[in-house]
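Q: Which chain is which? The protein sequence lines are S and X, in order.
Per this note's numbering, the very first residue in the first sequence carries number 3; after that it's consecutive.
Per this note's numbering, the very first residue in the second sequence carries number 826; after that it's consecutive.
Mixed in with the good hints, there may be bad ones.
[Claimed, not checked] Looking from chain X toward chain S, a few residues come up when the C-beta cut is under 7 Å (computed): (1) L942; (2) G944; (3) V945; (4) F966; (5) F1080.
[Stated by the list, open to error] Coverage of chain X stretches by chain S, computed from C-beta distances (three or more under 8 Å per stretch; other residues unrestricted): (6) 1046 to 1060; (7) 1082 to 1092.
[What the hints assert, rightly or not] With beta-carbon atoms standing in for the labels, derived distance ranges: (8) P13(S) to G880(X): 50 to 60 Å; (9) E866(X) to A99(S): 24 to 34 Å; (10) R168(S) to R1018(X): 34 to 44 Å.
Hints are computed from structural coordinates only; laboratory data are not their basis.
Quantities reported herein were computed from a predicted structural model and do not represent experimental measurements.
Backbone N, C-alpha and C fix where the C-beta goes; we use that ideal spot for every residue, glycine too.
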Amino acid sequence: MSTIARRALPPLALGAVVILLWQVLVVALDINAYVLPSPAAILTQVTSYAPILIGAAIVTGTNALIGLVVGTVLGIVLALVAVSSRVFDELTGPLVAALAVIPIVALAPVLYTMYGADVQLARQVVAGVSVFVPVFINTLRGLRQTTPVHRDLMRAYAAGRWQMMRTLTLPTARPFIFTGVRIASSLSVIAALVAEYFGGPRGGLGTFITSSVSQSDYARAWSYVVASILLGLIFYVVALGIEVFALRHQRT
Amino acid sequence: MSSGRKNAAPTTGAAVSVGRLDKVFDTKGGTVHALQGIDVEVAAGEFVSLIGPSGCGKSTLLRIIADLEQPTGGTVTVFGKDARRARLDQDYGIAFQQSGLLGWRTIAANIELPLELHGVGARDRHARSAELLDLVGLTEFADRFPDQLSGGMQQRVAIARSLAERPNLLLMDEPFGALDEMTRERMQTELVRICAETGAAVVFVTHSIPEAAFLSDRVVVMSPRPGRIQRVVDVDVDLGPAHERTDALREDRRFFGAVTAIREALHAGSASAGTPDGAQRITGPTGPDDRHDRLTEPA
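Isolated chain S, as found in the complex (with noise of 0.2 Å):
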């Protein structure tokens, strides 16, 4: 426990004298509230209005959900696919790696025509292919793991090709499946964020941002981002608390 407060205490107290320093300077500079507001204006912001800040949240943290789950579940089993089937492996990797390099935020406009501008869904998609593809890549990697002291084991044990694959082959993928996931979740939240500035329905932390500001609202803008950021960790810190659990006797 005393290790625990020792690791953490320094990063905090950090933390504090930066947000301090921040509300030092604002003050005595007269900084103005559209260049930066105080951190005391942004916390104002944030306890009256949090209600408001929890529903867009949701709104967010919901679609980015939804987006985390597909494409970890579609990045987990192409990658099963590919790594079964040689064809299909050389088929994608080319597109997976053009995947990556697409800012796939910037496809969120064009979904948006496509699947009319009051549905979620265009978000959805984003955060889903934005997660599939670390998924997708670590699980592939992951999935080649096996060494041969063990395959040699499996074939001698005569063990068929779902027996290898239960027994040995995901088992080992496991903790680069969970480092894809774990990449994943804060990505997923980033990019159902990003596409609300698009446009489609309003209501996410993201819409409520561009409003704000539109609005010359600086210190509300901020509070939304507050928010963002918290959820955005939550994300992270749930995934790495899900890793740490399910890879407790798993050591790489």
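The hints should help you fit chain X onto chain S, whose structure is shown.
A: Just chain X, lined up with the frame of chain S:
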């Protein structure tokens, strides 16, 4: 249940029979003749070691018997069946230099792995793993994970796992190769006891001369490029049956005699290219030997 059937497997006749076996590998640098004209027979319950320098094909021979690799020519039968059939029927247990334990399974679950793959029920599996943990002296570690055990303990688990289906044949590829000398001797003594209890035939690959002498009824000495059988040393003539040996034998004069016999057969193999009586040439290809080569082979 499949493990019950194993008890009924034949105990008479040859456990392993290898005839005129050839193995050629195609590599980038051309073809490599790994094994040439290998004839070996291992009787039921017999302990046979394969020894020789790196590249003599001893591991390849074991892997062919296990049907992990295919021969280029010749025949392999295990209890009268071809190697593939024997593998599918789980007629042998196998252990390698690396324990190959699955890190996310407990020790007991690792031992039960082959039983689980072959559809043995949970209760029978647990009973068998408890029995085997007792055999290798690791009962209190049943619920631990592999990375909580020392290298020697992990190897004992691997041996217990190889015994899970009561095979009448054990194939072991340098199972003690990565262990320190003290642990290694203890493991050898333990293996002698386990073999006596199970009555299984063993094919044991090693590059340690004392290990081969201590464990084996017969030692097959191999030479490299191409991998051939140089000589077969009958250790049991002087030392008695392998499964009756104890630690005291290690300081016995007869044991040193067996070590010397294997050693001379090995060095005869490595020197056979240039000298008619290879046994006399016991140093490596150093200065004096080069001169010796020039004297005997004036080019």
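Q: Now look at each hint and say whether the structure bears it out.
A: Consistency of the hints with the structure:
Restraint check, L942(X) versus chain S: the minimum CB separation of about 5 Å is within 7 Å; hint holds. At its closest, the beta carbon of G944(X) sits 10 Å from a beta carbon of chain S; the interface hint therefore is violated under the 7 Å criterion. Restraint check, V945(X) versus chain S: the minimum CB separation of about 12 Å is more than 7 Å; hint violated. Violation of the interface hint for F966(X) is found here, the shortest Cβ-Cβ separation to chain S being roughly 14 Å, above the 7 Å cut-off.
Given hint, F1080(X) at the interface with chain S, is violated; its Cβ is 32 Å from that chain's nearest Cβ, farther than 7 Å. Note: the segment 1046 to 1060 of chain X has 0 residues with beta-carbon separation from chain S under 8 Å; the three-residue rule is not met and the coverage is violated. A count of 0 residues in the segment 1082 to 1092 of chain X with a Cβ less than 8 Å from any Cβ of chain S is obtained; the coverage claim is therefore unmet, three being the minimum. Here the CB-CB span from P13(S) to G880(X) is close to 56 Å, well matched to the stated 50 to 60 Å.
Between E866(X) and A99(S) the Cβ separation comes to about 56 Å, which falls outside the hinted range of 24 to 34 Å. Here the CB-CB span from R168(S) to R1018(X) is close to 35 Å, well matched to the stated 34 to 44 Å.
Hint check: violations occur at hints 2, 3, 4, 5, 6, 7 and 9; the rest are consistent with the structure.
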